[in-house]
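Kindly produce the complete structure, drawing on both the sequences and the hints.
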Amino acid sequence: MDQSNLSNQKLKKIEKKLRKLQHIVLKETGVECSINKPTNILVIANAGLINGLTEETVLEHFSIYGTIETILLIPGKSCCFIRYSDELSAIKASENHNGTLNIAQNSKPIYLLYATSLPNNEDDAINEETVPGLVIFEDFITLEEEQKLLDLCDFESNSDVSHMKNRQVKHFGYEFNYNTNNVDKNQPLTEGIPEECNFWNRLDNTAFKSFIPDQLTVNHYLPGQGIPQHVDTHSAFEDPIMTLSLRNPIVMEFKNSYKHVSVLLKPRSLAVMSGECRYNWTHGITPRKCDMVHTKTGDVSFQRDTRVSYTFRKVLRKPCECMFKTNCDSFKESIEKLRSNAPELEKEHVHKVYEKIAGHFDSTRHKPWPNVVEFLESFETGSIVVDVGCGNGKYLGLNKGVFNVGCDASLNLLDICNKKGLEIFAANCLKIPIKDNCVDGAISIAVIHHLANDERRFSALEEIARILKPGGRALVYVWAKEQEKDQEKSSYLKQYRNNKTPQAAGEASVSNLPIHVNRTQFEYEDLLVPWKLKRSNESNKSNEPNTFLRFYHVFHEDELKELCEDIENIEVIKYYYDQGNWCSIIRKY
Amino acid sequence: MKLLTHNMLTSKCIKGVSVGYPLKINASDVKETEIDFNPEFVSKMIPKLDWPVLYEAADSLGKVGDLPKNIIENFENDEDFLKKVHHIMLEVEIVNGNLICPETGRKFPINNGIPNMLLNEDEI
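Chains as they are written, first to last, in numbering that gives the first Met the number 0: chain A, 0 to 588; chain B, 0 to 123.
Worth flagging that the hints you see were computed from the coordinates, not collected in a lab. A hint or two may mislead.
[Unchecked claim] Under the rule of at most 20 angstroms between Cα atoms (straight-line distance), these lysine-lysine pairs were calculated in the PhoX-like manner:
#1 A:26 to A:16
#2 A:434 to B:23
#3 A:430 to A:346
#4 A:434 to B:1
#5 B:14 to A:434
#6 A:36 to A:16
#7 A:19 to A:76
#8 B:14 to A:430
#9 B:30 to A:468
#10 B:11 to A:430
#11 A:317 to A:346
#12 A:419 to B:14
#13 B:82 to A:399
#14 A:399 to B:43
#15 A:430 to B:30
#16 B:11 to B:23
#17 A:419 to B:30
#18 B:1 to A:399
#19 B:11 to B:106
#20 A:434 to B:106
Rendered as structure tokens:
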């Protein structure tokens, strides 16, 4: 509908609306807009990506008025910028659609303003930021070589290519399975990587000089097509991954939890993704028909045209051993293995370690924690109180009126207790050899976090509950994942010394668990914590390793409480945080 | 290991064992120590004890002396009785020997006063 047919009253209404929207667009995008000073950039001020507006709809209604250079739909915004090659086209479009074209949300009319410029969009534009581990070699191949590669895969003829939702692909060497996001490593394709791709000696003077790929995926993107953000499966391929861009440029988006960097991939350039970029950043191509590049001289937008990419990878023949565990499927698998492997892991990384470090451990564990002492002192004369996992016995015999007996799985630690004249026996906290309903109290300080899966941690708590008499109370301490609470660092963190270099593991690990750097925040829940052994002089002569790795599961805020609450006949009567530990007092009823 | 500890221990944690109590004692080395006598502690402890098991344990070690076979009435006020119980449950200690599961015969060694109640993987 043409605006000239509108009544004065209607026009006034539109103008009022536009004045309001002017402010909103300025606030949302930082772009100054005008109602009646024409430019070549139109803004649909009340509809955008979040209202379901698409590039296709915009093209359908706006391309008839002239050449559109850019359509900019900004994620999370309710406006859309349309840049024509000339002002007249913009004026014609505005005259025909302002306040009358019903493509806004719920088929409401759109309102159009003139913009002085395109928004300087941080999220969507190429900027100075770099992606760690991403290296781009421009003009890696010549125009002739590019043509040869393009001739290798004829996507137009449609033979032996797979049609993905948003692109076409062809594989060499190994088929990439998009269901498993992996390759079948035992089923190589008859067609290996074509000879024409043997240009790897060009990387001889770089960090990637020994790269010989054995898998190639060729992707063919038409304008408007793309590939969702993804990390190449860690266990599928080695580091690095290389992508050669052919025919036309495209903008690739790289994202991690905090950042979004858009990178222009020019034709004939080789993008090398390694390290953090390969393992911890997603990459993808937004399906759209225009890209915008933010350069030093200003924003440049371009229409996309057919782009072909050759992505070269080397199939990984063993589990991934990267440092970037968050996105690592091999790491996740090893965590799953913990469930079945828990007894072995505890034996290797808890029991054996305590036997070796018992003496040194004892010399570092003197001071009882005040809240534990307070709990022990709350028992009346003649009570029986068991310490499950008593270690060097620092909590045994503090309350002279109670019968205190300790148990531990480490015979060397028990010898130390024995020399102190303490009453003890050897037992695993999962199988406490005490009768049901037998004791008035129990403590288990810094023990249950050494159990390698949830079921075992729960069983240990059930064992404690089992031996308690009705009315009996137990105190459980476990290490907290949160080593800082209410802006206060735990004493564990406070003792961090800057001059300390992280200790490399002294012993081969039975697992693929991350090794923690002592006195730092926990990054993982299940981890190995190094213990650096100080040997007494006489035993110093041995060539045994000095660093031992103890397994820990560090508990998040409510985890211990939730476990305790699941035990039959148990109530949690107090739950608190004490110097980097989650602590629970339970009572049997 | 004190007989008070023995009074609480069971081998029920072994797979297939239903009660596992009391554990039989086979002692090769027993010692007697001196512990401060606290009549209130002993009086409060007596009702918590499995008396026949304590008596039997003391008897098997030849340490029962003239300890009555049953708990006497008004023991709280009988210092002589309390002292006997104090001695049996706290001062008699098994240094070396075995504890034996009454159902399976599994031996738990006591070395240097420490009973080893740890189980093997196939017992749990």
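Here's how the hints hold up against the structure:
{"no.": "1", "hint": "A:26 to A:16", "verdict": "16 angstroms, holds"}
{"no.": "2", "hint": "A:434 to B:23", "verdict": "15 angstroms, holds"}
{"no.": "3", "hint": "A:430 to A:346", "verdict": "15 angstroms, holds"}
{"no.": "4", "hint": "A:434 to B:1", "verdict": "16 angstroms, holds"}
{"no.": "5", "hint": "B:14 to A:434", "verdict": "15 angstroms, holds"}
{"no.": "6", "hint": "A:36 to A:16", "verdict": "17 angstroms, holds"}
{"no.": "7", "hint": "A:19 to A:76", "verdict": "16 angstroms, holds"}
{"no.": "8", "hint": "B:14 to A:430", "verdict": "10 angstroms, holds"}
{"no.": "9", "hint": "B:30 to A:468", "verdict": "31 angstroms, violated"}
{"no.": "10", "hint": "B:11 to A:430", "verdict": "9 angstroms, holds"}
{"no.": "11", "hint": "A:317 to A:346", "verdict": "25 angstroms, violated"}
{"no.": "12", "hint": "A:419 to B:14", "verdict": "34 angstroms, violated"}
{"no.": "13", "hint": "B:82 to A:399", "verdict": "17 angstroms, holds"}
{"no.": "14", "hint": "A:399 to B:43", "verdict": "14 angstroms, holds"}
{"no.": "15", "hint": "A:430 to B:30", "verdict": "28 angstroms, violated"}
{"no.": "16", "hint": "B:11 to B:23", "verdict": "13 angstroms, holds"}
{"no.": "17", "hint": "A:419 to B:30", "verdict": "17 angstroms, holds"}
{"no.": "18", "hint": "B:1 to A:399", "verdict": "16 angstroms, holds"}
{"no.": "19", "hint": "B:11 to B:106", "verdict": "13 angstroms, holds"}
{"no.": "20", "hint": "A:434 to B:106", "verdict": "18 angstroms, holds"}
The earlier numbered hints that this structure contradicts are 9, 11, 12, 15.
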